[in-house]
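Going down the list, the sequences are from chains A and B. Count along the first sequence from 1, then add 248; that gives the number in the working numbering. Count along the second sequence from 1, then add 62; that gives the number in the working numbering.
Keep in mind that the hints are not guaranteed to be accurate.
Straight-line Cα separation of at most 20 Å, EDC-like style, residue types lysine to aspartate or glutamate; simulated pairs [what the hints assert, rightly or not]:
(1) B:Lys119 <-> A:Glu249
(2) A:Lys311 <-> A:Glu263
(3) B:Lys71 <-> A:Asp287
(4) A:Lys290 <-> B:Asp100
(5) B:Lys119 <-> A:Asp250
Since the hints were made in silico from the structure, they are not lab data.
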Amino acid sequence: EDQVTQSPEALRLQEGESSSLNCSYTVSGLRGLFWYRQDPGKGPEFLFTLYSAGEEKEKERLKATLTKKESFLHITAPKPEDSATYLCAVRGGGATNKLIFGTGTLLAVQP
Amino acid sequence: NAGVTQTPKFRVLKTGQSMTLLCAQDMNHEYMYWYRQDPGMGLRLIHYSVGEGTTAKGEVPDGYNVSRLKKQNFLLGLESAAPSQTSVYFCASSSSPSYTFGSGTRLTVV
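Next comes chain B alone, as it looks inside the complex (with noise of 0.2 Å):
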């Protein structure tokens, strides 16, 4: 039983370049979630999910697409990174009351 997974863990692109992060959670949860961390900010909500094929934008949507084509599964896309996209990112799932986090993913970009 993994809960959530996050891949990769580190990262490092050159500014302009596309990448995708997965995230996968193994406990059914219906809400997943996507969250950059940037010291002195806290964590910020990039998208959410409700469920399975939907996906809505959260506190900091731009620069970002995401998508729940299955149920465990939700994808966070960087189409053109930027610098500014320097961040950690986490990914979540809930089945309230219960939230889940993974371990993070570790984005550069040069």
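The shape of chain A in the complex, shown without the other chains (with noise of 0.2 Å):
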């Protein structure tokens, strides 16, 4: 069964205190790995999709990388208006094209 792991539950920050979230997966057949942004009262914003081990996106202070177990959010002298939920979620074989997400990591970056 497809199952995605997203660790801490939550974290809190210094602002330009750089740290990590972690997202491990277990899928059949990894056909991409989201992270997704989400502010409170909000719909989940696409952040990177990644497709094979190896593979790095940027985007401003955040850096996504992916292993065949896992893939880490880098978020690089974070500000305070990186504070939200970031969710992780995998794709995997079979032609429904769901995500199956986690249950996020709750970060709060303090000034």
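Mind docking these for me? Both chains are given alone in their own frames, and the hints should help you get the complex.
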């Protein structure tokens, strides 16, 4: 059964204090690992898709990496506006195209 | 270009009442999904559709029904609401590899 586990559940950082969020997964036939950002009261907002081990993608202070078992979302010198819940999801084999989500990491960046 | 639009945004129901949540997308996506989001549980798939006229069960389908009569619309129905269905409901549409989510419907069943 496809499964996604995110850690930590919550993370509090000081502005400028870099850290990483973890997403470990088991899936039959990975067809994409997705990172989303979700602000309170809003829907998930797409950040990255990674497809194969070794792949990396960057956007501003965020960098996502992928291995065969896990993905990391690295946050460099975070700012208070980076505070949000970060969701990881995988798309496995089959024709349904559906995403399986982890429970998310709630990030709070204090000034 | 609105993307994915969900209506209503908020609703309070009494136990046993019925309602329909509407999801509309203007991106001509084939795939559409209904998720519910509960604290500590993440997003869980209720039902999905791989094209107009098709629907299928997801992870937590009990108590819900869906219809996809038009490609751009995906309706989620609750025939007899229960307090356990208090949640935030998100609709999404996709055309590989892109997924777009709506802003959610917050439903409270009392």
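Next item on the list: May I ask which of the numbered hints given earlier this structure violates, with the numbers listed in increasing order?
Entry: As far as the earlier hints go, not one is violated by this structure.
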